[in-house]
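**Q** Read off the chains here:
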Amino acid sequence: MAGAPLVMSPDAHGDARPGSRINVGQTERLVSGLVGGALLLAGVRRRSLGGAALALVGGDLVRRGVTGHCEIYSALDVSTADGAEPAAGAPNATQVVERSITINGSPADLYRYWRDPQYLAHVLGDAATGRLVGEAREHWVVRAPLGREVVFDTEYLEDRPGEIIRWRTLPGADVPHEGTLRFNAAPGDWGTEVHLRVRYDPPGGVLGDAAAKLFAAVPDTLAARTLRRFKSLVETGELPTLAHNPSGRRDTTDGRAGGVSGAGYDAGGTHLPLSHHTT
Amino acid sequence: MRALLWNGVNDLRVETVPDPELVNPHDVIVRVTASTTCGSDLHLIDGYIPTMREGDVIGHEFMGVVEEVGPEVKKIRKGDRVVVPSFICCGACWYCRHDLYSLCDNTNPTPEAQDVALGYPTAGIYGYTHAFGGYAGAHAQYVRVPFGDVDCFPVPDGLSDDQALFMSDAGPTGYMGADFCALRGGETVAVWGAGGVGLMAMQSARLLGAARVIAIDRFPERLALARQHAGAETINYAESDSVLDQLKEMTAGRGPDACIDAVGMEAHGTGVQYAYDRVKQALRLETDRGQALREAIMACRKGGTLSILGVYGLMDKFPVGVLMNKGLTVRSAQQHGQAYVPRLLEHAARGELDASYLATHHFPLEDAVRGYDMFKHKTDGCVRAVFTP
Numbered sequence: 012m013a014g015a016p017l018v019m020s021p022d023a024h025g026d027a028r029p030g031s032r033i034n035v036g037q038t039e040r041l042v043s044g045l046v047g048g049a050l051l052l053a054g055v056r057r058r059s060l061g062g063a064a065l066a067l068v069g070g071d072l073v074r075r076g077v078t079g080h081c082e083i084y085s086a087l088d089v090s091t092a093d094g095a096e097p098a099a100g101a102p103n104a105t106q107v108v109e110r111s112i113t114i115n116g117s118p119a120d121l122y123r124y125w126r127d128p129q130y131l132a133h134v135l136g137d138a139a140t141g142r143l144v145g146e147a148r149e150h151w152v153v154r155a156p157l158g159r160e161v162v163f164d165t166e167y168l169e170d171r172p173g174e175i176i177r178w179r180t181l182p183g184a185d186v187p188h189e190g191t192l193r194f195n196a197a198p199g200d201w202g203t204e205v206h207l208r209v210r211y212d213p214p215g216g217v218l219g220d221a222a223a224k225l226f227a228a229v230p231d232t233l234a235a236r237t238l239r240r241f242k243s244l245v246e247t248g249e250l251p252t253l254a255h256n257p258s259g260r261r262d263t264t265d266g267r268a269g270g271v272s273g274a275g276y277d278a279g280g281t282h283l284p285l286s287h288h289t290t
Numbered sequence: 030m031r032a033l034l035w036n037g038v039n040d041l042r043v044e045t046v047p048d049p050e051l052v053n054p055h056d057v058i059v060r061v062t063a064s065t066t067c068g069s070d071l072h073l074i075d076g077y078i079p080t081m082r083e084g085d086v087i088g089h090e091f092m093g094v095v096e097e098v099g100p101e102v103k104k105i106r107k108g109d110r111v112v113v114p115s116f117i118c119c120g121a122c123w124y125c126r127h128d129l130y131s132l133c134d135n136t137n138p139t140p141e142a143q144d145v146a147l148g149y150p151t152a153g154i155y156g157y158t159h160a161f162g163g164y165a166g167a168h169a170q171y172v173r174v175p176f177g178d179v180d181c182f183p184v185p186d187g188l189s190d191d192q193a194l195f196m197s198d199a200g201p202t203g204y205m206g207a208d209f210c211a212l213r214g215g216e217t218v219a220v221w222g223a224g225g226v227g228l229m230a231m232q233s234a235r236l237l238g239a240a241r242v243i244a245i246d247r248f249p250e251r252l253a254l255a256r257q258h259a260g261a262e263t264i265n266y267a268e269s270d271s272v273l274d275q276l277k278e279m280t281a282g283r284g285p286d287a288c289i290d291a292v293g294m295e296a297h298g299t300g301v302q303y304a305y306d307r308v309k310q311a312l313r314l315e316t317d318r319g320q321a322l323r324e325a326i327m328a329c330r331k332g333g334t335l336s337i338l339g340v341y342g343l344m345d346k347f348p349v350g351v352l353m354n355k356g357l358t359v360r361s362a363q364q365h366g367q368a369y370v371p372r373l374l375e376h377a378a379r380g381e382l383d384a385s386y387l388a389t390h391h392f393p394l395e396d397a398v399r400g401y402d403m404f405k406h407k408t409d410g411c412v413r414a415v416f417t418p
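Protein chains in written order, with the numbering used here: chain A, 12 to 290; chain B, 30 to 418.
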């Protein structure tokens, strides 16, 4: 899951290394390519988290079609290529998302912003909401594609100012996971390196299920966008937006309607009067 | 408001669209008093650069008067007459703090496309594709300028619109291209392309110490401007058997110390290589016709500097071996305008850099389609068409 799913895998031409050979059958490759292309286009046109997820999934399907190699199949030890039977009842393998970003600010400041509920809510935008329930328990709702919501409660495992935040979900979570956010001083005048790592169990049936497949790109997209938004808010005090962007189009896909167009990050712009950013 | 829209390949129209509004706290709204055509727009209009959408407002080189300011804008005031560089920059990220403004980390609202295309996203641009952020362009009555304090530069009293307008893009791009040549005084600089950017690069090379400037183009009127305003020697490649031989002779066998490419992906040329590029580009097998750039690489003296200002995508037959074996230094960027505009305005205020001659043709915004047509076909000696809303 980590890394850009749109990048062609250089060793995807059927060499013998495990995890790199063609494991997608011909027909499925063709379908992958076509469906992926359609999703990619649809996703790029829709400026929301769901749209970005669509685009990422679409891009990955195109890559699958072109290379005949599927990372997810590979991770699950599944193959639909000639001579291979789909593995029956493959377990929901644990997935890992890792994303990093470098932000102009000190580890102490970045930690403080992240732990400020109002600040974090602004970073997450419409993509997710969290609130404190009880002493150290937080209740989270994450918006997933197709209008679905992913709900879970979390508790902190580790919380060291300026260094690390580690949390895990409590029993009953829609997507059980464990996450780490680590702050390291970056070299020179780069500021701070922020590393996000989330291990999670994918929801629902593994493959063949469109929703699960759509969901597969959400954690990576969410991680990337959240870190970018955090960076922009810390460095500039606002989020780049196309809200109210003049165009000759009648649709609202560039946010002209000011965020009423449903779930997604792109709503709105920044109205929070932030004067405490680091620059 | 009225604005020039891209509605498809070679389909521009002036239409009515909603006015922009203050959205973010550092925004300002600029009432455009003048905007101008840029050669890089032709790549969009001709359909060589993807991620345009029907209904996009185009245009990225402009100036105007500040109409509204957001609550966090400290320096720029309502009523300021300002020129605005084409790249939108936050002024706070590592790149902005190191004067690499067009590489800004924080102004592209849709960075995912560039993650794929470039590896890392760059700054947003007004009216220049959704890969570059999708911001509405400047051929309009009003423009929302994010980070007004970073991106608006008050115009010194006494400069006309035509004198200030080109400090938005052609001026800083050309100046940056000359700055890349790291001139110490006495050098010979050859510049491919005598359009707005090329002419500004020639004049800047002079300001920065070049002893000789050689202009290469095929339009006699543009070469005349190069002679007149930059004291350039000129080569009309359409009348030349070999630009290479000519440059070699003009420099006693050494070659120019620095070569600036101010042409880009739709280069014109002559001969077999040009035919090859035209066919491949028409078939969408390459995005670029790269004859000017290839010629610059070949012509540059050993150990010289190649400064690339033209806009390119993917090019065939790029002579890396020549570059490497001759030990050339390559410098390139989209314009880091915010780093250069203040000193350009000083040069302009002192009368050392008058760019107003680029404004060969003026149109009301309503006639922008005609303006682009003249600009594209270089009719009547058109160097730049300037639009007034």
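Derived by calculation from the structure, the hints in this document are not laboratory data.
If you're wondering where the values come from, they're calculated on a predicted model, not measured in any experiment.
Using N, Cα and C, we set each Cβ at its ideal position, and we do this for glycine too.
Treat the hints with care, as some may be off.
[Stated by the list, open to error] Covered stretches of chain B, as calculated for chain A (at least 3 residues, CB under 8 Å): (1) 44–51; (2) 84–91; (3) 153–166; (4) 180–193.
[What the hints assert, rightly or not] Here are some chain B residues pointing at chain A (derived, C-beta under 7 Å): (5) Leu-34; (6) Cys-119; (7) Ala-121; (8) Cys-122; (9) Tyr-303; (10) Ala-304.
[Unchecked claim] Just a sample of chain B residues kept apart from chain A, beta carbon distances all over 10 Å, derived: (11) His-55; (12) Glu-101; (13) Arg-126; (14) Pro-175; (15) Arg-247; (16) Gln-257; (17) His-258; (18) Gly-260; (19) Gly-282; (20) Arg-323; (21) Val-359; (22) His-391.
**Q** Kindly indicate which numbered hints from before are broken by the structure, ordering the numbers from low to high.
**A** Going through the list in order, the structure violates hints 4, 9, 10, 11, 12, 13, 14 and respects the others.
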